[in-house]
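Chains as they are written, first to last, in my numbering: chain A, 80 to 622; chain B, -2 to 202; chain C, 110 to 211.
Treat the hints with care, as some may be off.
Example chain B residues on the side facing chain C (calculated, C-beta under 10 Å, incomplete) [to be verified]:
| no. | residue |
| --- | --- |
| 1 | Thr33 |
| 2 | Glu34 |
| 3 | Ala46 |
| 4 | Leu55 |
| 5 | Leu63 |
| 6 | Leu67 |
| 7 | Gly68 |
| 8 | Gln90 |
| 9 | Leu182 |
| 10 | Tyr193 |
As a list, the in silico BS3-like pairs of lysine-lysine whose alpha-carbon atoms are at most 25 Å apart [to be verified]:
| no. | chain 1 | residue 1 | chain 2 | residue 2 |
| --- | --- | --- | --- | --- |
| 11 | C | Lys145 | B | Lys24 |
| 12 | C | Lys179 | A | Lys262 |
| 13 | B | Lys122 | B | Lys61 |
I should point out that these hints are in silico values taken from the structure, not numbers from a laboratory. By construction, the Cβ of each residue, glycine as well, lies at the ideal position given by its N, Cα and C atoms.
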Amino acid sequence: MANGVMTQTQYIPYLAQKGLKSWILTTDHKRIGILYLVTISFFFMIGGLTALGMRYELMTPELDFFRSTTEYNVAFTLHGSLMVFFFIVPGIAASFGNFLLPLMIGARDVAFPRINLLSFWIYLAGTAILLFALMQPADTGWTFYTPYSIQTGAKVIMITLGVFVLGFSSILTGMNFIVTIHKLRAPGMTWSRLPLFIWASYATAILQLLATPVVGITLLLLIAERAFDIGFFDPAKGGDPILFQNFFWFYSHPAVYIMIIPAFGIISEIIPVFARKPIFGYKAIAYSSFAIAIISFFVWMHHMFVSGISETAAAIFSFLTMLVAIPTAIKVFNWIATLYKGSIEFHSSMLYALSFIVLFTIGGLTGVYLGALAIDVHLHDTYFIVAHMHYVMIGGTVMGFFGGLHFWYQKWFGKVFNELTAKAAWFLVFVGFNVTFFPQFFMGFQGMPRRYATYPAEYISYHAISTYGSWILGLGILIMTVNLLLPLMKKSNYPKSSNPYGSLSLEWQVPSPPPHENFDKIPTVTDWTYSYGKNRSEANAKK
Amino acid sequence: MSTTAQHAESHAHGHGLGETVTHNAAKFGMWLFLGTEILLFGGLFAAYALFRAKYPDLFYESHKKLDISLGTINTIVLIFSSFTMAMAVSAAQKRNRKWLMILLGVTFICAAAFGVNKYFEYSAKFHHDIFPDTNIFFALYFMMTGLHMLHVFLGMGIILALIIMAKQGRFKEGNRYTPVEVGGLYWHLVDLIWIYLFPLLYLIG
Amino acid sequence: MSTHDHSEEHHTGLRVYGAVCLTLFVLTAVTVYITKFDFGDMNIVVAMIIASIKAGIVALYFMHLKFEDKLTWIYALYPLFLLFLLIGFTIIETFTRVPVIR
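In isolation and in its complexed conformation, chain A is listed as follows (with noise of 0.2 Å):
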């Protein structure tokens, strides 16, 4: 293929350019890519290892890392904030959004190359405020629910400033994807030969467009809240505390898809290059992250089942929950539908992917018997909601989000990892993971609440467990990371090909790391992305 593309010789990469100012003013899509990426994994770290904090304060009932309660209560609104704001919100979307979300459609850049940087900045700028913020501990849990954050001694106006900054980033970061899709693609980029990673970033990006602002009136009438008494969530006042949770959770509630529909892009990708067969169901996986976009903005009071909400209004949310598990659904039987008969290459890429979805598939089921009223009611914050949580959370986003790390690695620096402490790294996780997570849904069943740092004796094996869990999955992270780090200090490690896994799709036809540019001259597309199998003859011929 590609008459369009420049051979490794005589090109510039864009990693080539050196120098502080090279990086920080730098307008190319690549490059903001990879400040994205290394700002969230630094976060990622950070709360990671609060989380590590806290499972090992509850290996025992009593308190014995922490000194105080109140401790552990700021340990795990670090822990909540640092990755639901700095990194799981922003992650997959602005770090593998900005990279390939132009490479994919055959753009140089994306529509608003400066608007793009100014995003950057303003979620550092959001970053930094937060941070300075949580200096002095805070102990409202990333929820901020009303009353308490009203009443609390904790920085909330400056936490929730940060949260309000770091909201404004996405918002442009939306805006800037939606434009590119609708106006840079390539000649014979029809919107049925789109790659899904672009269908799944383009849903992601109306919900940061169109939920975000509602958080940020949000905030900042809590603001006005703390600082002019206005009442609007007081009751003595007239007000209401259930309207924040409203409020919070109509963005909330998108948010989560946020945090998950980029996977879903990128499992989509992963998948049939590995599987060697064209995607099944392109069609309805495409149009399914549509309907989710629009179907999160009618559940969010499933959050509040037990808040005090009107029982009408509850029953209405349970039956609305249901149908967002559909298009989830979709996607996944056509996933596997995907796999069947295919002729599977077991690449670390390949294993995250295949974990996304075992694993989401419980995070997934399980959120459907929350979804029902009468259960939430008995299951609402116990450790059945973090298991829950964090089965969507890691079982679906990190995983996606590594999966996508070992795929797109070559494109990303041009350098090659090892690929068997890569799957021996994925196997520390994939157990660790399952080990710190799997006990906690039985916990909470038999009632353990979540967010607290003490607990009746009885619970104690199955805290052991998952806190035994916890440093598998940690010491699986930290071997990858070692790994994915290692090629990037050494001379060597170059890749042998631009495209090592004959995937059809446009990011891989340019050398890696691509050019400045990305392309010599823009290409015209003339097939769809997924014609493996059939057509791998002669897509091997192109070659």
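Fit chains B and C to the supplied structure of chain A, relying on the hints for placement.
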């Protein structure tokens, strides 16, 4: 996927985007951003709907303390500024630099007048011991008009930047007037939101 | 590509904009004037209908929505739909609460 090389007409233009593409992309991007603005105010509209349904009498009694004539004048001023902004875009399309600057200038003055008017309104309220924590109605009043005022200030900044750009001759023959059109869209939204705020806050029947 | 050669440019002039501006003034006067009459619960509905007509005119003419493609229309209207969703469900939830009797 087989691809053939295509001679991109855009290659000569620096970053490689055609001018029509840039223009349409900028406009579309602004429309998307305006959608987020609507939802940002949306939280306040939702709170308004909820509390007005809950406390109709409080809303009715409190709104009497607002000055309808000041509100009406501000509405007229803002609509007129929207008109001059639309005319400014039209002047930019015709590359009429003189009229572009005059019309942008008038728009800026209208925006400033709106701000001055609002300043007097706020000080009158403070003078009568009415603050955001007086009751839910005034909390909404100050939050809604305050957030709107913030957008007016931002809009003034944008208009000022456009005037400076026009002065530098950025919108002359052969150059794009995209910034004028996009800035205009933003300013019209400020007007649009006020069109709702006015009857909601000042005209509770 | 010549600078003038773009289909999206619409030379709407003083006549249309002037008429739009006058209409908006008249509608403002109407909405102020009718507060003298009491339509009961319909007060807010009438006020919102007039406001929406005004907003529609601003969007269609001043903001050129009339000349925009389907895509822009979708993204202009979808946020409004979400806004109604937010208001609607919040209202439904709040006013269907059954007081707990102890």
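Results of checking the hints against the structure:
Given hint, Thr33 of chain B at the interface with chain C, holds; its Cβ is 7 Å from that chain's nearest Cβ, closer than 10 Å. Hint on Glu34 of chain B holds. Least Cβ distance to chain C is approximately 9 Å, under the 10 Å limit. Checking Ala46 of chain B against chain C by beta carbon gives a least distance of about 5 Å; that is within 10 Å, so the hint holds. At a threshold of 10 Å, the smallest CB-CB gap from Leu55 of chain B to chain C is about 15 Å, leaving the interface hint violated.
Nearest Cβ of chain C to the Cβ of Leu63 of chain B: about 12 Å, over the 10 Å cut. The hint is violated. With a least beta-carbon distance of about 12 Å to chain C, the hint placing Leu67 of chain B at the interface is violated under the 10 Å criterion. Look at Gly68 of chain B: its Cβ gets to within about 9 Å of chain C, closer than 10 Å, so that hint holds up. Hint on Gln90 of chain B holds. Least Cβ distance to chain C is approximately 6 Å, under the 10 Å limit.
Given hint, Leu182 of chain B at the interface with chain C, holds; its Cβ is 6 Å from that chain's nearest Cβ, closer than 10 Å. Hint on Tyr193 of chain B holds. Least Cβ distance to chain C is approximately 5 Å, under the 10 Å limit. With a C-alpha separation of about 41 Å, the suggested pair Lys145 of chain C and Lys24 of chain B falls outside the 25 Å cut-off, and the hint is violated. Restraint check for Lys179 of chain C and Lys262 of chain A: satisfied, since their Cα atoms lie roughly 14 Å apart, inside the 25 Å limit.
With a C-alpha separation of about 12 Å, the suggested pairing of Lys122 of chain B with Lys61 of chain B holds against the 25 Å cut-off.
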